[in-house]
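Asker: What follows is the residue order along each chain.
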Amino acid sequence: MRLLEFQVKEIFNEYGIPVPKALLVENLSALDTDAALIGDKAVIKAQVPMGGRGKAGGIKIGRTNQEIKSHTSTLLGSKLKEYLVSMVLIEELLEVSAEYYLAIITNDQMGLPEIIFGTLGGVEIEQTAEQFPDAIHRKMIDPLYGVQPYEISDLLVSSVIPDRLWPQMNGIIQNLYKIYWETDSQLAEINPLVVTSSGELIAADGKMIIDDNALFRQKSLAEKRTMQSYEKTAEDAHINYIPLSGDIGMMGTGAGMAMANLDQVAHFGGNPANFMDVGPAINIHGVRAGMELLLSRADLKAILISGYTGSRLDIFAQDVVDALKDHPEFNIPIVIRLQGRNEEIGRKIFEENPFKNIYFCDDFDKAAELAVRLSRQVIV
Amino acid sequence: MSILVNKDTCLIIQGITGKYGEFYCQANGEYGTKIVGGTSPGKGGQEVHGIPVYNSLKEAQRRTRIDASIVWVPGPFAKIAVFEAIDAEIGLIICPVDGIPVKDSMLIMRKLKDSKSILIGPNTPGIITPGQFVAGFMPPHAFSPGPVGIASRSGTLTYQIGSLLTKAGVGQSTSLGIGGDPIVGFNFIQALQEFEADTDTKIIILICEIGGSQEEMAADFIKKNISKPVLCFIGGRMAQNGTRMGHAGAIISGKYGSFESKLKAFKDADVPVAELLTELPDMVINMLNRKR
Numbered sequence: 169m170r171l172l173e174f175q176v177k178e179i180f181n182e183y184g185i186p187v188p189k190a191l192l193v194e195n196l197s198a199l200d201t202d203a204a205l206i207g208d209k210a211v212i213k214a215q216v217p218m219g220g221r222g223k224a225g226g227i228k229i230g231r232t233n234q235e236i237k238s239h240t241s242t243l244l245g246s247k248l249k250e251y252l253v254s255m256v257l258i259e260e261l262l263e264v265s266a267e268y269y270l271a272i273i274t275n276d277q278m279g280l281p282e283i284i285f286g287t288l289g290g291v292e293i294e295q296t297a298e299q300f301p302d303a304i305h306r307k308m309i310d311p312l313y314g315v316q317p318y319e320i321s322d323l324l325v326s327s328v329i330p331d332r333l334w335p336q337m338n339g340i341i342q343n344l345y346k347i348y349w350e351t352d353s354q355l356a357e358i359n360p361l362v363v364t365s366s367g368e369l370i371a372a373d374g375k376m377i378i379d380d381n382a383l384f385r386q387k388s389l390a391e392k393r394t395m396q397s398y399e400k401t402a403e404d405a406h407i408n409y410i411p412l413s414g415d416i417g418m419m420g421t422g423a424g425m426a427m428a429n430l431d432q433v434a435h436f437g438g439n440p441a442n443f444m445d446v447g448p449a450i451n452i453h454g455v456r457a458g459m460e461l462l463l464s465r466a467d468l469k470a471i472l473i474s475g476y477t478g479s480r481l482d483i484f485a486q487d488v489v490d491a492l493k494d495h496p497e498f499n500i501p502i503v504i505r506l507q508g509r510n511e512e513i514g515r516k517i518f519e520e521n522p523f524k525n526i527y528f529c530d531d532f533d534k535a536a537e538l539a540v541r542l543s544r545q546v547i548v
Numbered sequence: 010m011s012i013l014v015n016k017d018t019c020l021i022i023q024g025i026t027g028k029y030g031e032f033y034c035q036a037n038g039e040y041g042t043k044i045v046g047g048t049s050p051g052k053g054g055q056e057v058h059g060i061p062v063y064n065s066l067k068e069a070q071r072r073t074r075i076d077a078s079i080v081w082v083p084g085p086f087a088k089i090a091v092f093e094a095i096d097a098e099i100g101l102i103i104c105p106v107d108g109i110p111v112k113d114s115m116l117i118m119r120k121l122k123d124s125k126s127i128l129i130g131p132n133t134p135g136i137i138t139p140g141q142f143v144a145g146f147m148p149p150h151a152f153s154p155g156p157v158g159i160a161s162r163s164g165t166l167t168y169q170i171g172s173l174l175t176k177a178g179v180g181q182s183t184s185l186g187i188g189g190d191p192i193v194g195f196n197f198i199q200a201l202q203e204f205e206a207d208t209d210t211k212i213i214i215l216i217c218e219i220g221g222s223q224e225e226m227a228a229d230f231i232k233k234n235i236s237k238p239v240l241c242f243i244g245g246r247m248a249q250n251g252t253r254m255g256h257a258g259a260i261i262s263g264k265y266g267s268f269e270s271k272l273k274a275f276k277d278a279d280v281p282v283a284e285l286l287t288e289l290p291d292m293v294i295n296m297l298n299r300k301r
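In order, the protein sequences belong to chains Y and U. Position in the first sequence (first residue = 1) + 168 = the numbering used here. Position in the second sequence (first residue = 1) + 9 = the numbering used here.
Treat the hints as calculated values from the structure; they're not laboratory data. It cannot be assumed that every hint is accurate.
[Said to hold, decoys possible] Straight line, CA to CA, 27 Å or less: simulated DSSO-like cross-link-like pairs of lysine-lysine: (1) 375(Y) / 346(Y); (2) 346(Y) / 28(U); (3) 307(Y) / 52(U); (4) 400(Y) / 493(Y); (5) 346(Y) / 122(U); (6) 122(U) / 28(U); (7) 249(Y) / 392(Y); (8) 346(Y) / 228(Y); (9) 52(U) / 67(U); (10) 211(U) / 307(Y); (11) 375(Y) / 223(Y); (12) 223(Y) / 249(Y); (13) 516(Y) / 176(U); (14) 211(U) / 276(U); (15) 400(Y) / 387(Y); (16) 28(U) / 516(Y); (17) 534(Y) / 176(U); (18) 400(Y) / 28(U); (19) 209(Y) / 247(Y).
[Said to hold, decoys possible] Cβ pair distances, simulated, as ranges: (20) 58(U) / 490(Y): 50 to 58 Å; (21) 273(U) / 545(Y): 36 to 44 Å; (22) 85(U) / 527(Y): 49 to 57 Å.
Ideal Cβ placement from N, Cα and C applies to all residues, glycine included.
Based on the sequences and whatever the hints tell you, model everything.
Answerer: The following block contains the structure:
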């Protein structure tokens with residue numbers, strides 16, 4: 169779960185990390201009453217959960233009250249990628265003398281938290297890593313004990329930042345680590361961490377990604393979540409669904425299989441309309457909900473249900489049959505290749521409930537090939 | 010021979026009275042796995058499919074030998090169950106649990122570091138030594154005894170390749186899933202070491218996936234340390250940058266963990282990569298014939 173910038177900054181503020189003076193605006197009239205709080209020079213930022221906001225036109229600078237107003241009015245209600253801008257953050261324009269990068273991430277390979285400090289901020293860290301690897305300093309942290317002051321010193325010694333910034337930097341790193349740990353973050357990032365002309369460190373932008381598996385114990389963060397309706401359906405059913413741009417609806421058992429199915433369809437020249445993993449486990453509602461998601465799409469030319477499961481194909485088959493019964497209008501070819509535990513019982517369920525336009529196939533490759541071929545047929 | 014588990018391995022089921030514990034107690038037991046007990050706090054003295062239930066692992070250890078444990082406890086509580094297994098000094102801990110918070114996984118790995126236990130998973134489909142032992146989701150009829158060792162990041166693709174090999178008349182020594190989570194215990198390198206040392210394993214298959222750097226490290230390790238032939242498949246060829254395809258581990262950002270980077274690593278190590286999973290059985294058969 170990715171938090172919006174203003175939500176991240178609320179958390180920064182709560183943990184004592186300095187952020188710019190700001191005003192969150194949902195409609196223009198709020199500007200008339202509160203604009204004076206910011207001053208007459210401001211940065212206006214669309215609140216959408218995506219990277220590259222600046223490039224996409226979601227960040228603007230206003231140097232007069234009039235400009236601030238007109239940028240705000242342009243951004244509110246506009247669309248960036250698939251996101252509707254319903255909130256805008258208006259912040260004081262900082263006088264910047266240097267920009268750094270600071271993040272706490274989970275290092276998967278080591279299974280440890282890691283501090284990443286970059287002396288070049290404001291650009292994506294991947295880019296810095298490629299072009300200026302010497303500008304990046306890293307430190308693994310032992311999660312049992314948390315970050316220690318001497319570890320921060322080690323990090324700062326190698327990074328040659330001005331000595332006078334050390335006390336502030338030390339505090340910010342300690343607090344960012346605390347945020348990372350206490351909120352179950354996968355990433356807590358300040359980019360850029362700005363040094364102002366008066367020598368203050370301020371978090372000009374922030375990004376946090378919360379571990380979805382931990383939302384059960386991060387209730388106040390979970391409440392901040394905004395979901396599209398398909399995301400909600402998928403989450404409630406414990407399945408994984410990602411819409412893509414093609415025309416072949418996909419359902420697979422297990423993430424690896426679901427991914428391999430996409431690769432196969434692409435190999436045979438088809439275009440998957442989605443990624444869907446209904447889970448390898450006994451997931452009673454997963455298949456049913458997954459079918460609903462596919463059957464409700466109007467842009468499909470074929471569906472491929474392909475899997476090998478150690479779970480129960482009898483339950484799986486019944487769910488597919490029930491979903492199809494609910495949608496008698498559905499008229500697109502469906503290719504089914506299901507193997508694994510209780511395969512025979514599953515097949516029997518399909519045999520007892522015949523539908524037109526369903527193709528059974530026992531071969532991993534041929535099923536994908538058939539779905540691709542059927543997706544190209546013109547349905548009259 | 011085989012790796013990690015065989016017909017004599019005594020397995021205990023943590024969470025035996027839950028939905029999964031109960032179902033796979035029966036399914037794995039039917040195959041012949043030596044299940045010596047289960048745990049469920051407060052339910053000691055009961056039985057599940059004829060298997061005795063204990064309140065804790067320590068209590069069970071006073072009654073029976075335990076070589077391995079499988080954790081069938083929901084994600085939010087799995088950390089505690091794995092902690093218990095580590096503290097009880099269980100040699101092999103198998104953790105099929107999906108949805109463990111990453112922070113919990115970090116703490117599990119930290120505790121594991123100071124122990125002698127091996128942890129397979131989290132989010133593993135389990136492990137099977139055909140004809141002898143199975144624990145986890147693995148559908149046993151997909152597998153048969155033979156010379157191929159399989160280590161995989163995906164459960165269902167393991168069943169698929171097992172079944173394709175079995176149909177082609179080629180069996181397996183041991184097949185295991187290392188787990189789909191970004192942080193896992195037993196990894197490709199350890200699996201390669203075990204298979205290299207196992208006299209029954211003649212060929213090793215790695216079922217790989219985009220994301221992370223396990224494959225790159227495994228490729229490097231193969232180049233330096235593995236004498237047996239290795240074949241592999243990489244899932245996620247067409248995944249877009251930054252998209253998370255189900256497995257939390259299967260996310261690529263920038264060049265890190267991409268399909269191309271893994272393909273190159275294996276090419277550099279002279280490890281053949283199948284474009285389609287279905288090509289693997291023929292590749293295996295050709296290689297076995299060549300060895301003779």
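Asker: Each hint needs a verdict: does it hold in this structure or not?
Answerer: A quick look at each hint next to the structure:
{"no.": "1", "hint": "375(Y) / 346(Y)", "in the structure": "holds (15 Å)"}
{"no.": "2", "hint": "346(Y) / 28(U)", "in the structure": "violated (37 Å)"}
{"no.": "3", "hint": "307(Y) / 52(U)", "in the structure": "violated (45 Å)"}
{"no.": "4", "hint": "400(Y) / 493(Y)", "in the structure": "holds (23 Å)"}
{"no.": "5", "hint": "346(Y) / 122(U)", "in the structure": "holds (24 Å)"}
{"no.": "6", "hint": "122(U) / 28(U)", "in the structure": "violated (31 Å)"}
{"no.": "7", "hint": "249(Y) / 392(Y)", "in the structure": "holds (21 Å)"}
{"no.": "8", "hint": "346(Y) / 228(Y)", "in the structure": "violated (32 Å)"}
{"no.": "9", "hint": "52(U) / 67(U)", "in the structure": "holds (15 Å)"}
{"no.": "10", "hint": "211(U) / 307(Y)", "in the structure": "violated (41 Å)"}
{"no.": "11", "hint": "375(Y) / 223(Y)", "in the structure": "holds (17 Å)"}
{"no.": "12", "hint": "223(Y) / 249(Y)", "in the structure": "holds (11 Å)"}
{"no.": "13", "hint": "516(Y) / 176(U)", "in the structure": "holds (23 Å)"}
{"no.": "14", "hint": "211(U) / 276(U)", "in the structure": "holds (21 Å)"}
{"no.": "15", "hint": "400(Y) / 387(Y)", "in the structure": "holds (16 Å)"}
{"no.": "16", "hint": "28(U) / 516(Y)", "in the structure": "holds (25 Å)"}
{"no.": "17", "hint": "534(Y) / 176(U)", "in the structure": "holds (16 Å)"}
{"no.": "18", "hint": "400(Y) / 28(U)", "in the structure": "holds (25 Å)"}
{"no.": "19", "hint": "209(Y) / 247(Y)", "in the structure": "holds (24 Å)"}
{"no.": "20", "hint": "58(U) / 490(Y): 50 to 58 Å", "in the structure": "violated (30 Å)"}
{"no.": "21", "hint": "273(U) / 545(Y): 36 to 44 Å", "in the structure": "holds (39 Å)"}
{"no.": "22", "hint": "85(U) / 527(Y): 49 to 57 Å", "in the structure": "violated (41 Å)"}
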